[in-house]
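Peer 1: Those sequence lines, one after another, are chains A and B. If you want the numbering used here, it's the 1-based position in the first sequence plus 44. If you want the numbering used here, it's the 1-based position in the second sequence plus 1414.
Do not take every clue at face value.
Calculated cross-link-like contacts (lysine-lysine; reagent style DSS-like; alpha-carbon spacing at most 25 Å) [unchecked claim]:
no., chain 1, residue 1, chain 2, residue 2
1, A, LYS308, B, LYS1491
2, A, LYS203, A, LYS219
3, B, LYS1730, A, LYS203
4, A, LYS91, B, LYS1491
5, A, LYS219, B, LYS1730
Simulated restraints, written as ranges between beta carbons of each label pair [said to hold, decoys possible]:
no., chain 1, residue 1, chain 2, residue 2, range
6, A, ASP201, B, ASP1888, 53 to 61 Å
7, A, THR305, B, ASP1601, 38 to 46 Å
8, A, ASN244, B, MET1415, 47 to 55 Å
Worth flagging that the hints you see were computed from the coordinates, not collected in a lab. Please read all numbers here as calculations on a predicted model, not as lab measurements. Heads up, the beta-carbon is just placed ideally off N, CA and C, and yes, glycines get one too.
Here's the letter readout for the chains.
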Amino acid sequence: MSTLTHLQALEAESIHILREVAAEFQRPVMLYSIGKDSSVMVRLAQKAFYPAALPFPLLHIDTGYKFREMVEFRDRFCVEIGARLMVHTNTQAVAAGANPFRLGTQKCCGLLKTRALLDALTAGGFDAAFGGARRDEEKSRAKERVYSFRDSFGQWDPKNQRPELWNLFNSRVDKGESIRVFPLSNWTELDVWEYIQLENIPVVPLYFARPRPMVVRGESLIPVEHDIPLLPGEAPQMVMCRMRSLGCTPCTGAIRSAADTVPKIIAEMREFRRSERENRVIDHDQEGSMELKKREGYF
Amino acid sequence: MRFTTAGSVDDGKSTLIGRLLYDSQTVYEDQLAGIRKATKAHGGLDLSLLTDGLRAEREQGITIDVAYRYFSTPRRKFIIADTPGHEQYTRNMATGASTADLAIVLIDARHGVLAQSRRHAFIATLLGIRHLVVAVNKMDLMEYREEVFREICGDFGRFAAQIGNPPDLEFIPLSALCGDNVVRRGDRMPWYRGPALLEHLETVPLAAEDHPVGLRLPVQYVIRPDQDFRGLAGQLASGAIRPGDLVCVLPSGRQARVRSLVTRDGELAEAFAPMSVTVRLDEEIDVSRGDMLVSPADPPRRALRFEATVVWMNQKPAAADRPYLLKHTTQTLPARIVEIRHRVDIHSLSARPASELQLNEIGMVVVEAQRPLFIDPYRRNRFTGSFILLDPLSNETLGAGMIESAAEEAGDGASHSASISMEGQPEALWALARRLAERGHPVAVLPAQVLLVGPVGTALPAAASVELRFTAGDSPEEIFQELVRRGIVR
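In isolation and in its complexed conformation, chain B is listed as follows (with noise of 0.2 Å):
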């Protein structure tokens, strides 16, 4: 399991970690060593040094950049990501994020909830992780007082209630220097009846997405050792995949079955998310790097602009129509922000009006690209859903963004061709022709009750790129509401 916790020396989350190392007995007697030995100025075992790395962090006492952790219990192997909490290393912050399943929010139980805790649980939750557990510390320096603890659950709570989509929360009341509930369960808070912090980071069930999508595998690679052999090799980032599957070529739209899925130990009966393959298919089609298979029955969706939370990460602030390049799954691109709608007042959770995004704001953008990318929501899939922009001049990495949604756009019609069936009830499947036929859809009524559709003002398809089946319970609109979801309407 990856995790992230975020805050400064001051607030003890340094000496957390080094607790859940020290133990977890993950600590080494040569590394302790040398902390026994940098701390002599100041007596005792200061575990908040098993964790910063760099010279001028030691020198200072802060967390500048992300550190990665290992520890591992006879239950689960752990990744942590430890990051800073300042206000200035917020790009850090979503760096180590980013990758993880859940987060540790600390809070020193002498000043409740700060800004800085709200700050580390906004970009957590903006990021996707969906379980926070917040960690209550210094409960020693409070007389392991309940109403301490109570009224500063009853405080994140309400400021939680407010983030949309908010995530399941634990609450820990802890001493990191004393150990008490980082391991074990101590004796001293008999009042807390839940796990300890390690009790609880073993036994979480990870949950899947919220709702997961169709396959989608980003094509990174092609190998080619002869004429006889293509095989796609990529990772796949949602969905699963099995030799005879349908599988369709984005952006082409082509279809082919899955010939094989190659490994240096044979071929797989299926593979899934987030596994690393090679896939033949049974037709040369073309595919090159930046393509992606998907499902054809669940595309993600195409959109030329969309609408997108972008947290900032450059001196030079983000500003519409500057040149940058975007890199979404495998490809990359030119794009420019079109619009930037709001900022987000970390504090206030509100919005306000900005013309620019500053270094580490966040803000809500439209981004147009330079060709159309395809899509999913980030809050439902991390990985067709989430970009990167570059500086194509300093090559810096500037921002990364979370796509909420395909912005509409006046002339950009849906891409899709689809093939509809609804068995048993014509009448319905007329009335659908009529409408989508309304709207400027190229439709025909094949045999068998199938409605052919096309994208608006282009030629009827001669194939379609997804098909559809709806029963008799489906009604109408619950059926064009589909199609609109699925970009074949707008």
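Here chain A stands alone, though its shape is the one from the complex (with noise of 0.2 Å):
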């Protein structure tokens, strides 16, 4: 008798969990962020289905801040694998004139992210929603379960989390109450890099390195895209980067790198000495601050 992979048995793990939400639940839908996790979270869904189409939606919560990069990807990629996409933007806010520089970062995702995601949902009338997230990303996500329950107010309570054994999800909710699924829970960032090479999967050009106009503050490079605010002094200049994840322009610092192909980045990743998320502004600004904001809802 053989035995499987470690990235095997990921794969066989998730597929399996994707399949249990195609059958347990009535209306639900795929966060498509864009990034390196989706990729891999839709490929699998691929999968899961074939020769089947997705028996679900792929729903990106655009904030208006993303790279343009990422939103050519995203429209080429549904477009190419023939993946029914929905894109949701809080337009009154964005109307209102929300943006990260005015109303601070927490504020600004509480609006453009956290709250245009429950609209959508509620909206869609969806009972259950993937996300790409993985517990080794954040010390709150490491406690979190495969099926996060969400009352209807789409409210997290990490005291009170339905105990999961074995693969046996309850999928039990009421009118209004929602899962949040994450297929992705056991597969670490370096798993992603290596499935993606192993299976060849297509992602944003931004995580590969080749020089782009940045503004070096102190140790970050912040990308120069939506008019970012520019202090005293500071011009754009061209650096050796690439990103290392995925968010809003203003959130998401690059990292000094020359890796262009996934192998390079795999040997990258090898020798890091830093974590995936130190790029990303809003984890960062309070002690707890994505545990605070996955309460109130966020992936």
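Dock the two chains into a complex; use the hints.
Peer 2: Written out as structure tokens, the structure reads:
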């Protein structure tokens, strides 16, 4: 009897989760953030339901602050794989002038991501939403179940989670309640890149190093997009860099790197001594800030 | 490899995990900077802060819920289910243990074997973990004395011997704080010749199931993109499947051959547990979610009632005759507890009379489902031997069950029909036919020394759901017992 490799075992577990949700919920949806984890999650879904099409739509919460290359990639990718794509923006907040420079990152995130997400889930009547979050990303995520129950306000109660044993998931919800489902719970950042290499999965070119115009502010590399306000004396300069994780441009820093292929990224990852979300401003504006945002309904 | 640890901050569990992550260079610099900032108050580097993730946990210095950690070495990748040790969080300990291959039971060298270590060892074993590592921690506080370690090994060994089906034990003396025998063998305990903890984790062979059962493929989802394609999708709970194999679909008992194993990357020549697969059969027979594909020669037991060990996880106690929902493999159906046999006193491992099971209590119960389930004992198959109980009103997960065996039930005959061939011993075949007929089974002896037998109280079936072959070496009594074991005869 053969045994599976680590990646094969993760794949089998994720496919089981994807199928379980498609079978047990009335209206599932897959949150698609355009990043590498979403790319892997979509590939796993394609495998889970092959040769049928995905039995649920993809939903992108567009804050309007995403990288141009991300949006281009999204539109091209979804057409190529024949996925149904829904895009939701909190237009009210945008019209009222919500931006991170004026509101601060926390409030901006609350309006353009969390509120937008909750509104989109309610409007679509979705009772289950897949997300590509992984437990190794952040310590409150390390505590989250594969099936994460949300009350009718979309809130998470980390102290009172449903026990989750074996692969027997409790999918029962009342009207208005929902489950966030994390098929990649047990994947690490390195697993994701190794799988991208193995499966030849397309990802946004922003992950690969090339010279890009950046504002260098202390240790941070800030992308020049969406009219970022410059400090006196600052001017964009070309820096060899890449993105390790993708979010909104004002809140996602680049890292200095020459890794311009997937194997080079994997080699670089093995040497990394800094965590993946370090460049995500929103995770660090307060102790336990990811946990607080998650409780309020953030992914 | 997946392993579980249990304990509280006091016994150094978080420090031990922090040490494994730190010494295997899995901790990033910015995370270290974060804990340096948080430990400024009491100096030094508090590795335990790497693991407690929730604000309430950091506030109270305890672990409330399971946290999952990931690290890898060049030899293996590891997933740690880091679980709380307090009695009030037994359910979270069980959650972590349900998917683990190995458990590290932490013992404080100053205090010896405490209730918490015993509870963890018991729950780990109950949930089918076959490897226990007894990590005797804080040896630095006991001057690294061998006799301290030996005494704890003796105490724990005596306790473990009382657990039914005791697991493999490995004892390791260590100091998580100082790093002795965690990642590398230190020189402060020259009397210890075994491996360091990480060496053991990297090299321990993961035992296959003790008594593997045949094919079990619970159908999760039917993939039907068009009229011409019908794929049965599911994750193998055990066994293997190949194109051309004859499989039996339960509960209908219909048989078909596997036409192909379909994937996005081409067809497979073989699939085995725990792969997720899509199976096409050569005949259009009725199969839907909740059904199971099994090997005809080794089917699971059909049972309306069964005995199970249950870990209760809800404030509302378990009691007989309350309406529950039961989820087993890929089906959910009404069920009730018909009897609570006893509760287990986790300190003495003795059975105590009980009419209810309270939150975090463990007990032996008899469960009755609204329709028969196809089950294996949990010790033979974690996936066809486990179930959860749900509250139909509040939707909460109430309890987790591990099936021991089918319970005898009056008037419920076995469901399988079988064709039994016994080459070269016609007298034994006729004797067996008589014995089965006396028990009420319809029987017929067919040409070529084949005996067809059906369930009690039914007509003789046209075809058998199970085919069995015996050779001249098998005694009639052995054959009879085999039929009982397979649920063909009661």
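Peer 1: Quick check: which numbered hints come out false for this structure?
Peer 2: Violated hint: only 8; rest satisfied.
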